[in-house]
Structures are given as C-alpha cells and as structure tokens.
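Visitor: So you can see what is in the structure, the chains are spelled out below.
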Amino acid sequence: MYDFGIKNPTSIDDVKAALGDAEDGQFLAGGQTLIPVLKQRLAMPSDLISLSRVDGLSGITAGGDSISIKAMTRHAEVAANADIKSAIPALAKLAGGIGDPHVRNRGTIGGSVANNDPAADYPAAVLGLGATVITNEREIDADNFFTGMFDTALNEGELITEISFPIPEAVGYIKFPNPATRYALVGVMVAKFGNTVRVAVTGAGPCVFRVPEMEQALTASFSPDSIKDGLVPADDLNNDIHASREYRAHLIGVLARRAVAEANG
Amino acid sequence: MPAITVRVNGLEVTKEVGARTLLSTFIREQLKLTGTHVGCDTSQCGACVVTLDGKTVKSCAVFAWEADGADIGTIEGLADGDKMHPMQEAFREHHGLQCGFCTPGMVMTAVSLVENNPDIDEDGIRHGLEGNICRCTGYQNIIDAVKTGAKAMRG
Amino acid sequence: MATYVARNGIGENQRRVEDVRFLTGHGKYIDDVNIENQAYAMVLRSPEAHADIKSIDVSEAAALDGVLLIVTGDDWKSTGYDPIPTKSAVRTFIDGSDMKVPPHHALAIDRVRYVGQPVALVVAETQDICRDAMELIEVDYESLPSVTHQSEAIKEGAPQIWDIAPGNVCLDFELGDEEVQKKAFADADHVITLNMVNNRVTATPMEPRGAVADFDPETGKFTLWNSSQNIHANRDTIADVVLKIGKENLHHIAPDVGGGFGGKNGVYPEPILILHAAKELKRAVKWINDRSESFLSDTHGRDQVSKVQIALDNDGTFRGLRTESVGNLGAFCGTVGSFTPTGGSSRTQGGPFKFDGIYYTAIAPFTNTCPLDPYRGAGRPEGSYHIDRIIDYAAAQLGMDPIELRRKNLIPPEALPMKSPMGLDIDCGNFPEVFEETIRISDREGYAKRVEASEAKGMKRGFGVCMYLECTGGGPKEEAKVTFLDNGKVELSVGTASTGMGHETVHAQLLAGHLGLAMEDIVFRQSDTDATEIGGGHGGSRGLEVGGSAVTQTSRQIIEVGKKIAAHRFDVDADKVEFEDGRFHVPGTNHTMTIRDAIDSQNDPDNLPDDLEPGCMNISSVFERGIISIPNGGHACEVEVDPETGTIKVDGYWVVDDFGTIVNEMLASGQVMGGIAQGLGQALMEDIYYDESGQLVTGSLMDYALPRADDMPRMVIAYYEDAPTEKNLLGVKGAGEAGCVGAPPAIVNAVCDALKEYGVHHIDMPLTPEKVWKAIRDAKATG
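Sequences listed follow chains A, B and C, in order.
Under numbering that gives the first Met the number 0, think of the first position of the first sequence as 0, with each following residue one higher.
Under numbering that gives the first Met the number 0, think of the first position of the second sequence as 0, with each following residue one higher.
Under numbering that gives the first Met the number 0, think of the first position of the third sequence as 0, with each following residue one higher.
Bear in mind the hints are in silico, worked out from the structure with no lab data behind them.
Owing to the predicted nature of the structure, the values given are computational and were not obtained by experimental measurement.
Don't take each hint at face value.
Output of the computed footprint for chain A on chain B, the stretches with three or more beta carbons under 8 Å from beta carbons of chain A [said to hold, decoys possible]:
#, region
1, 6-16
2, 56-68
3, 80-92
Here chain B is said to cover these stretches of chain A; the calculated rule only asks that three of the stretch's residues, wherever they fall, bring their Cβ under 8 Å from a Cβ of chain B [said to hold, decoys possible]:
#, region
4, 33-45
5, 58-69
6, 178-184
All C-beta atoms, glycine included, are put in the ideal place defined by N, C-alpha and C.
All chains should be built: construct the whole structure from the sequences, respecting the hints.
Guide: Right, dumping it as structure tokens:
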C-alpha cells in the first residue's frame with residue numbers, strides 16, 4: 000500500500016470539503032473492494048475520505064411503492080431486512096449472496112453501486128428494478144447511471160446518498176457464482192411491473208446491461224418458456240479463464256428462465 | 000498518526016496507528032495478539048476474521064483507524080480463563096482442525112453464526128463458512144463441531 | 000520381522016494435544032516468530048517468463064531511507080555459493096546417460112526462466128520500505144521466446160531453456176517389460192486408448208511460506224526458523240551444499256507449520272537468501288511470502304499429460320496396460336521434482352488389478368514455469384487416475400459394467416504376497432473384500448430413488464468408483480529420542496514433521512501406551528536439528544510408518560532396560576521380568592515395580608546393574624524401513640450434474656481404506672477427508688494456468704478456486720483392518736495421501752456415468768461447469 004491521508008467527515012457538507020481539500024481523494028465506504036486494491040498498490044489516492052461516520056447515510060425505509068436504502072447500509076442489513084424480504088425478496092437474496100458473511104458485514108450498497116464492478120451483484124438489482132440513484136447533487140435513473148466498466152454517471156466528487164427501489168409485482172434473481180471469488184460469473188435479475196418487464200444482466204459483459212429481446216418476450220408472456228436461446232449474442236461478452244463468452248451467453252438464457260420461474264414462485 | 004481507542008476482548012486500549020495500518024496488522028503487531036492469522040493478500044481466506052462490534056469481519060480488509068471506538072473480539076478472548084468456549088471444545092472434540100492456521104477465523108465465524116442463528120442446520124453452516132477456507136480438513140469435522148458447539152451454546 | 004501390537008495406545012481416538020494451543024490463538028507460526036531488531040526482506044520476482052537480464056540498477060532503491068541491503072544475481076555469483084541441488088532418486092536416462100541438471104541458483108544469474116523467479120533480495124527496516132524499494136529497482140530485460148506446456152516444449156523448434164538440455168528434456172524413463180506388454184496387447188481382443196490430463200495444481204497451505212534467519216558473529220552460527228516440512232535434510236543441503244558453512248553451524252527449526260502437503264518440502268531460494276543477508280547485516284532478517292507470491296513461487300504439482308492404453312478380452316479380462324506420460328518440471332529440477340513423473344508415477348501403474356504386462360514410459364521436460372515438486376501423493380494420484388479412468392472409459396467403449404470389470408480383475412488375496420509388474424512388494428491386503436465393502440456402504444439400494452429425484456429436477460445423477468493402490472515414500476530412517484526429565488516430564492523428540500497431521504498427539508499416544516505413562520507428562524519436540532540427530536520430516540505418508548515405528552522401537556528398548564533395573568532390584572534374571580500396563584513384575588512373585596520407579600532409579604548407580612550407566616533409560620533409536628508399505632482402498636462417489644449449466648454437485652462419498660493397523664481413527668479419517676477435499680479440488684476446480692506468454696493467470700485466490708465448505712459432500716470413511724503389514728513395527732501402511740489418490744478418478748468416473756446418455760465418456764480435469772456444458776453440447780451436436 001502507498002501512504003495516504005485520512006479524512007473522517009461527519010456530514011455530507013464535510014465530505015465535500017474534505018474532498019476539495021484533497022489532491023486526489025477517494026471515498027472509502029465498506030472497503031471490501033478498495034482495501035484489497037490498495038494493498039496490491041493498484042491505486043494511489045492522496046487521501047481516503049471515510050464515509051463511515053457521516054450522519055444519516057445508513058438505513059432502510061419502506062414506502063408504499065418503493066424501498067429506499069441509504070448508501071452506507073451493509074449488505075447483511077439488506078439481506079435481513081423484513082420489508083425487503085417481503086416486498087422485493089430477490090433483492091434480499093441478492094444481498095445475502097454477495098461475497099461471504101464477512102464481506103456482507105462490511106460492504107455497502109453505495110460502495111458497490113458507485114464502483115460498478117462488472118461482476119458485482121447490486122448493479123443487476125439497480126438496473127433490473129429500475130431504481131433511482133440519489134446523490135448529494137441529483138437523482139439519476141438506473142438506465143442512465145451505469146456507463147461502462149467501473150464507470151458511472153457520477154461526477155467527480157458526487158456522492159451516492161441512497162438508492163430507491165420501486166416494488167415490483169414479481170421479481171427473481173439467479174446468480175452463477177465464480178467458484179473462487181463468489182462474484183457473479185453471470186447474474187440475471189428479472190422484474191415485472193404491471194405490463195413492463197425488466198431484465199438486467201451482470202457479470203457477463205463489461206457493464207451491467209438490459210436485454211430488450213427478453214423483456215419484450217416476457218411482456219408478452221411472463222413465463223420461462225418465453226425466453227429462447229441465443230437472445231444475447233456472445234460477441235460483446237466477457238471472455239476470461241473463468242468463462243468463455245459463449246458460455247456466458249448460454250448462461251444468461253438459463254439463468255433468466257430460472258429467474259422468471261423464481262419470480263413466478 | 001491518529002490515535003485510536005478500542006476495546007479488545009473487553010479491555011480498552013489506546014494506540015497510535017498509521018493510515019495504512021490494517022486492523023489485522025494492528026492486532027498482530029501492536030497488540031501482539033498473534034492468534035489472528037493472515038493467509039492471503041486479497042481478502043479471500045478468512046483466517047483473519049475477528050468481530051467488530053459483534054459482527055465478523057476480515058481484519059485484513061478494515062483499517063485500524065476505522066475501528067476507533069469499536070469493540071473488537073479476537074480468538075484470544077473467547078475462552079473464559081483456562082476454560083475454552085464451547086465452540087472451541089467442540090472443535091477439539093470433533094477434530095475440526097489440523098494445522099490450526101485457519102482455525103481462529105473459523106471458530107470466530109462459527110460462534111457468530113450460532114449467535115445469529117442458534118438452530119442453524121448443516122446447509123446453513125456450510126454456507127455460513129463460505130468466507131473461511133480450510134485446506135486440511137475437508138470441512139466435515141468442522142461442520143460437526145459447529146453443530147455440537149451450537150448445541151452447547153444453546154445450553 | 001514380527002508384528003508388534005502395542006497393548007495400549009493403539010485404537011484410541013485420543014483428542015489432540017496441540018489443539019488447545021491452536022484453538023486459543025497460541026500457536027506459534029512463522030509470522031509469529033520475531034527477533035529483536037529484526038530487518039525485513041522481500042524478493043523482487045521476474046515479471047518475464049524467459050528473458051536475458053541486460054542490467055539491474057539498484058542505485059535509487061539502495062538510496063531509499065531504511066533500505067539495508069540489496070542482493071542481485073551478480074552479487075550472488077560473486078559469493079561463490081553453489082546452486083540448490085536436486086535429489087531425485089531417478090537420475091539417468093533410459094540409455095544410461097545422466098539426467099540434465101541445470102544450476103538452480105537462489106537468485107537468477109544473467110537470465111530469468113519463469114515468472115516469479117527471484118531476481119533480487121531487498122532488506123529494509125520495514126516491509127513497506129521493501130515494497131517501495133522494489134519499485135525503484137530497474138531491471139532491463141530482453142525478452143526471449145518462452146514455452147509453458149510440456150507437450151509444446153518437446154516439439155522441434157520449441158524455445159530452448161537450457162543449453163545443457165537439448166529439446167528441453169531433463170530426463171526420460173521406463174519401467175516394466177515392454178515386450179511382455181506388447182505381447183499382451185497383441186493377444187488381447189481389444190485395446191482402448193485415452194489421452195488424459197493430470198492438471199497442474201498447487202498445494203496452497205493456508206499459511207504462506209516464510210522464514211526468519213539470525214546470525215551470531217561471535218560463534219559464527221546461524222539459526223533459521225522456517226515454515227518447512229523437512230528440517231534436517233534441508234539443513235544439510237542449505238549448509239553443506241549451497242552456503243558451505245557446515246551443517247553444525249546451522250540450527251534449523253520449524254515452528255508450528257500451517258499446512259504443507261508437500262509444498263513446503265523442498266529447499267527454496269528465499270531462506271538461503273536471508274541467511275546470507277543476516278550474515279551480511281549481522282542482524283536477524285524476516286521474510287514472509289504474500290499469498291500471490293506463493294502462487295508464483297511455491298512449487299506446483301501434477302501437470303502430466305498421458306496416453307493410457309488398456310488391453311482386455313471380450314470377457315473383460317485385463318491383459319496389458321501401457322502409459323506414456325509427459326510430466327512438466329518447470330524451469331528447474333526442483334528438490335525431487337523430476338522423480339514425480341518418472342519413478343513416482345510408475346510404481347503403482349495398474350493399481351490392485353491383474354495384468355500380464357505393464358509398461359510405463361515418461362519424458363520430463365523443462366518449461367518456462369515455476370518448478371514442480373511433490374504435492375500430496377506425488378505420482379500416485381497420477382497412477383491411480385490412469386488406471387481407474389481407463390477402466391471406466393474402456394467399459395463405456397465396450398458396453399461393459401465398470402464395477403464388474405473391477406470385480407473380475409482385482410488381485411485376489413491368495414495371490415499375495417506378490418511382486419507387481421512394476422516391482423512393488425504387495426505383501427498383504429484383501430482387495431476384493433475392500434471393494435465389495437465400498438460398494439456395500441455406498442447405499443446402492445437407495446440409488447434408483449435418488450436418480451429418480453434428480454431426474455425430476457432435470458438433473459443427471461452418476462455413480463463412480465475407484466480402487467486405488469499406492470505406496471509410502473520419503474526418508475526411510477527415523478529417530479525417536481526419549482529423555483526423562485528431572486521434573487517428571489518425558490521429552491519425546493521425533494524427526495518427523497507434523498504440519499497438521501497430529502504427530503504431537505499420536506507419537507505421544509504411542510509412547511504413553513507402550514510405557515504406561517500419562518499423556519500429559521509427555522513433552523513433544525519435532526522439526527528441530529537440536530532435538531534429534533536425524534529426521535526424515537514429512538512426506539510419503541511416513542509419519543506413523545517410520546516415525547511411529549521409531550517411537551515403538553525406542554519404547555521397547557526402554558522397557559528392556561527397565562527390566563534389567565527391575566531384575567537388579569528383585570535379584571532375578573532379567574528374562575524373568577515381564578512388563579505390562581506400566582509395571583515390571585516377576586510372575587509368580589510379589590515383585591512389581593512401576594515404570595516411574597524404574598525411571599526414578601535410573602540416575603543412581605546403586606540402583607543399576609553393572610552393565611548400565613546412569614541415564615540408561617534415556618534412549619534414542621533409529622528405525623529404518625526396509626520396504627515401502629502399500630495402502631489401498633476403495634472410493635465411491637455420487638454426483639448430480641445440472642446439464643443446463645454443467646454444474647456438478649458431489650452428493651455422496653464413501654471410502655473403505657486398508658491402512659493396516661489404525662492407531663487413531665479420528666486422525667486417520669481427518670487425513671482421508673482432507674485428502675478427498677484436495678482431490679475434489681483437483682477434479683473440479685483447481686487449475687494453475689499460464690498463458691502463452693508465460694504469465695501466471697491463476698495467480699491469486701481471486702482466480703485459483705479452492706473447495707469451500709459448501710463444495711464438499713458428507714463423507715463416510717470405513718477401514719479394513721484385517722491385513723496389518725509386517726513391514727514396520729506397527730502394522731501401519733500410511734494414511735496421509737490416500738484421500739487425494741482415490742478422489743479424482745472416483746469423481747470423474749461418477750460425472751462420466753451421469754453423462755453417459757449424452758455419449759460423454761471423458762472430460763479432462765478440472766471438470767469446470769463450462770467444460771461439462773461444452774462436452775454435453777458437443778456430444779449432442781455430433782449425435
């Protein structure tokens with residue numbers, strides 16, 4: 000690890016000031032990705048701006064048609080939350096399948112979404128459920144949020160404060176874990192809102208993406224059989240030692256069908 | 000260098016720590032509690048698991064200064080004097096350890112699993128140990144130890 | 000030699016003595032060893048697979064505050080130290096010429112030959128300064144073409160790694176009578192051929208390697224604490240051969256070692272480098288490998304590609320077996336690395352089955368990869384995989400039942416003792432009984448129901464078996480030394496090395512049982528060149544076989560001396576004294592004396608007969624194994640395969656082992672289950688993978704998958720105990736490696752059974768979901 004300075008702001012205003020004071024500051028949320036990256040000297044921030052002591056950044060609020068999760072809420076809290084389990088069970092399941100129990104006790108939804116790791120689970124939920132990402136500056140639709148590998152619509156210094164998930168009529172999430180890291184080799188979330196169906200895929204490409212062909216087919220008939228093979232071409236998918244692009248393309252279809260089956264109970 | 004105050008196994012300590020001092024390094028090198036082991040550099044193995052305010056964390060993926068004000072539990076604090084914790088006893092009874100290197104993290108995790116779910120079943124235990132790698136035992140004796148430990152903890 | 004069965008100590012599931020230390024966080028592993036004022040060392044490793052070192056500029060690094068010493072290959076050359084030698088038991092080509100042994104210096108000199116090879120040593124006040132300094136060292140590499148796969152390395156035109164080894168071949172090898180094999184093939188109705196891969200894996204003990212070196216300028220003596228499995232032999236190599244300081248000047252100690260599995264057996268460069276640094280700096284120097292460095296620099300295992308052929312008749316009778324292997328050695332010979340694909344993989348060819356003729360041949364080439372050395376089993380897992388896979392494959396090709404094929408061809412007990420076509424002395428055992436018992440305990444009655452349940456979920460279920468036969472190995476001699484201390488404690492020092500196997504318990508259990516002493520009075524020492532004169536360390540499942548026999552032998556000698564002391568007291572002839580349950584007594588009299596009495600008497604000359612000296616019960620003896628033992632057993636495995644994703648769930652596992660006498664079943668089963676986990680890892684997920692440019696792609700736990708708790712099935716382990724061997728004093732056959740010998744073929748056989756309806760009869764390890772999916776898809780495509 001290279002050396003760095005530490006800032007421990009306690010309010011969102013302080014966060015902005017701390018970042019402004021730093022030459023090349025970086026937010027530290029749960030640290031479950033960032034700290035290993037720092038250990039390997041793959042990043043060299045001048046300062047870490049810890050979000051752990053910022054007031055009002057943690058907690059879950061259930062409303063009539065949405066559930067709002069503050070950015071520093073840990074995965075374990077989401078997984079165990081009764082409102083989420085009953086209203087958006089696949090979201091609780093997704094959170095409960097991230098990494099391992101220790102990662103879930105530290106990792107945060109805001110950190111995961113801001114990092115936009117191509118193999119992370121949360122982006123599938125944010126995009127699949129059409130959530131709204133709320134920052135200290137504005138609200139960003141999920142469809143406009145994820146812009147590329149490890150890239151988002153967040154401006155320099157913009158901080159996610161909470162994410163609001165609309166409650167779907169039916170939802171399912173199926174993940175095929177990488178055997179070494181338990182990250183998603185492929186993960187598919189399918190959510191149904193009245194006549195709208197959203198399908199989001201993580202792990203398979205450089206960035207989480209929707210599958211319009213599946214969404215159309217499922218809008219016509221919300222059943223596993225609606226999803227034909229080959230709806231997602233392999234060409235643009237990730238190809239690495241853990242899975243070839245054609246295997247990932249195949250898995251998207253299988254997992255999407257299973258996610259629909261799960262959504263249908 | 001920030002000074003932090005933490006309660007470690009019930010005892011309060013105040014120490015200066017460097018910005019890049021990991022909680023694992025703080026525990027091992029500054030507190031000399033070497034039961035917490037470091038088995039990897041990518042935060043996968045779980046040998047370094049301790050409790051932070053009652054929740055298990057990989058101490059190699061937390062900075063020491065993040066723990067300021069927190070309660071930390073390490074393997075050294077589990078026994079009551081010479082009397083081992085029921086989970087420690089169960090690991091011995093079931094031969095749930097061989098080389099012993101993953102054991103502190105494994106036992107800390109096991110205690111936490113049972114505290115969170117006293118009636119945890121075999122499937123729950125296997126999934127609950129997802130973040131702790133053991134290369135010696137094949138896990139079966141660990142699972143059996145956790146079951147016995149759970150029973151003893153239920154009283 | 001008569002088999003000696005102890006009255007006590009054997010068959011007790013003694014709970015482990017070391018556990019309290021480990022469970023309460025008081026184990027002392029290498030990173031817990033700290034010497035006052037120690038410096039820290041790290042190794043700059045090659046990022047290139049094959050390159051000339053044009054220059055190394057350390058000036059900036061050396062100027063960094065806190066940097067104490069930097070050593071490069073040029074510096075190393077000027078020291079006059081020798082290369083690390085290789086000790087392979089097979090040393091000559093088939094034609095009798097010498098194997099090719101390139102110089103393995105602790106630091107690369109002029110050229111690097113694998114990614115991860117040590118290029119420079121940096122010593123500084125802290126590890127962070129070491130890392131900073133390493134970034135400032137400028138090495139100018141000129142890349143050379145490289146080759147990482149052994150089959151490519153022996154092709155014409157392949158990049159040449161060593162001038163002394165044309166065609167990259169270190170060694171070739173044959174065993175068995177090729178003429179007999181060829182005749183068997185000619186006479187047989189069928190010859191079935193299968194090419195198979197024993198994938199490259201790494202031991203991955205949870206504790207990374209590390210060492211602390213100290214030097215006393217006053218006495219000229221060195222101390223090396225080292226996370227090693229082989230303290231005495233490595234002391235000799237490091238001190239006498241490499242550094243030439245004289246072994247009497249190196250005190251070599253292993254503290255608690257957090258797993259080894261062979262990966263901590265060899266002589267590695269880093270401990271040698273820090274001994275040098277400690278002398279230069281007159282300061283203790285500590286070095287701890289990162290996990291990612293471990294993947295680059297811990298010796299790897301397996302990595303053989305083999306063409307296996309079996310000849311059999313229409314009625315299923317096996318006639319001949321022929322295996323041609325190419326085993327990767329990496330860039331150097333390793334400590335005994337070249338033995339694994341040659342002698343190591345040859346001896347157990349054919350398993351416990353009858354053949355007219357078996358012939359094994361191997362080529363061991365160099366490649367631009369990390370050196371290979373023994374990993375748990377070292378050759379026997381390969382041999383077992385060869386025979387047990389070819390049987391199932393042949394059965395599939397010929398429409399035969401793989402279980403019946405085994406049943407028909409197992410060597411019957413009445414044929415024992417025998418010498419196998421590979422020269423193994425198979426003295427005892429009952430292979431048919433072990434096999435039938437394996438089938439019996441594996442719940443065949445419930446199988447049809449489980450198949451039905453799987454099918455209902457869209458899953459495919461399969462059942463596979465393996466009948467393995469292996470052999471022990473490692474150093475043939477072991478010392479056990481007993482010293483009765485004034486405080487009433489009994490110090491037992493043994494030259495074996497426990498890295499988790501529980502020697503601290505089982506050796507003490509034997510001594511306590513033999514002598515009638517209390518376990519808690521025994522103080523155990525191991526892995527310390529001051530504790531025993533000799534020590535064979537760990538390897539080849541030798542702990543009880545050789546070490547336990549040494550403890551037994553020393554115990555018997557102590558009893559003989561005790562009898563003389565008792566005879567002296569009772570004024571009878573020593574041969575009138577008997578020993579039982581910790582007491583000497585003279586039958587037919589009231590004369591009894593406890594062992595504790597005898598011990599208390601041994602220091603006073605008045606209590607001793609003329610031919611005994613004070614301290615006469617403090618005895619050290621060396622047991623030497625004559626012939627290696629033959630553990631054997633059956634593995635059975637049930638799997639459920641998701642044909643849509645290719646995911647495999649191992650759903651049931653049953654083992655019957657013949658380890659001869661079982662001293663402590665709890666510990667034996669621990670060894671078996673841990674071995675199965677490693678075998679399952681090799682079969683399903685573990686793979687050390689270098690890309691074409693020689694970069695290690697699976698270089699961390701992010702990319703190299705190890706089995707976790709939810710990957711493992713529940714295992715049932717049973718024992719066949721009716722055939723103790725007479726090759727050692729305990730009747731034991733060795734338990735440490737058997738699990739990973741039997742598991743890979745049993746698991747792969749079960750998967751292929753599950754997939755037989757698709758026409759999938761072989762997939763190379765590791766059987767990742769993608770490979771399984773592709774095999775099904777391709778089989779469907781070709782109809």
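Visitor: Closer than 8 Å Cβ to Cβ for three or more residues is the test here. Does the region 178-184 of chain A pass it with chain B?
Guide: Since three or more residues must qualify, the claim that chain B covers the region 178-184 of chain A holds, with 3 doing so at under 8 Å.
Visitor: Per the coverage rule (Cβ-Cβ under 8 Å, at least three residues), is the region 33-45 of chain A covered by chain B?
Guide: That given contact holds, which follows from 5 residues of the region 33-45 of chain A lying within Cβ reach (below 8 Å) of chain B.
Visitor: Holds or violated: the region 80-92 of chain B covered by chain A, criterion of 3 or more residues with Cβ-Cβ distance under 8 Å?
Guide: With 0 residues in contact (Cβ-Cβ under 8 Å with chain A), the coverage given for the region 80-92 of chain B is violated.
Visitor: Are there three or more residues in the region 58-69 of chain A whose C-beta lies closer than 8 Å to some C-beta of chain B?
Guide: Result for this restraint: violated, n = 0.
Visitor: With a cut-off of 8 Å between beta carbons, are at least three residues of the region 6-16 of chain B near chain A?
Guide: violated (count 0)
Visitor: Tell me whether the statement that chain A covers the region 56-68 of chain B is true, taking a Cβ distance below 8 Å and needing three residues at minimum.
Guide: holds (count 8)
Hint compliance for this structure: hints 1, 3 and 5 are broken, all remaining hints hold.
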